[in-house]
Amino acid sequence: MDYGANRLVHQTSKGSIKRPFVIEFLEEIAQSATPGQLTVVVLDNAKIHHAIEQDILDRWLFEHRMVLFHLPPYSPELNLIEIVWKHAKYHWRRFVTWTKETIDTEIEILLSGYGSKFEIRFS
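Using the numbering used here, you'd call the opening residue of the sequence shown number 309 and step up by one each time.
Keep in mind the hints are simulated off the structure, nothing from the lab.
Incorrect hints may have been included.
BS3-like, lysine-lysine: derived pairs with alpha carbons at most 30 Å apart [to be verified]: (1) K408 / K326; (2) K355 / K408; (3) K322 / K355; (4) K355 / K326; (5) K322 / K408.
Computed from a predicted model, the values in this text were never measured in an experiment.
Could you put together the complete structure from these sequences and hints?
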């Protein structure tokens, strides 16, 4: 979630999310960051968010000025993405029965529509 640009960067997966997937996604965030600008990635306390080797974290800081910030345990009120998920679940989604065949499309509509069709102003 890029709060300054009111943009949601997302990636979906049909399988379980494992550490390599998280590292690959964060690497894409680092690569797409504005050169010279500090990028702070706020993460909750999922185990897969903590299992990143120090040499990777150091490289992201050195090459891309990107750092990871972990929220305190049990603090969803500090995690603004939770507000986005709440709106997606209760306000933005189409209230039709999602099936195995339609769920991918419905989720893509929600996630890719953030910032244009759906948005929240954090101010």
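Structure-based check of all given hints:
1. About 22 Å separates the Cα atoms of K408 and K326, which keeps this hinted pair within 30 Å; it holds.
2. In summary, the hint linking K355 to K408 is supported, as the alpha carbons are separated by about 28 Å, within the 30 Å threshold.
3. Between K322 and K355, the direct Cα distance comes to roughly 19 Å. Compliance with the 30 Å bound is thereby established for this hinted pair.
4. In summary, the hint linking K355 to K326 is supported, as the alpha carbons are separated by about 10 Å, within the 30 Å threshold.
5. At roughly 11 Å between alpha-carbon atoms, K322 and K408 fall within 30 Å of each other, so this suggested pair holds.
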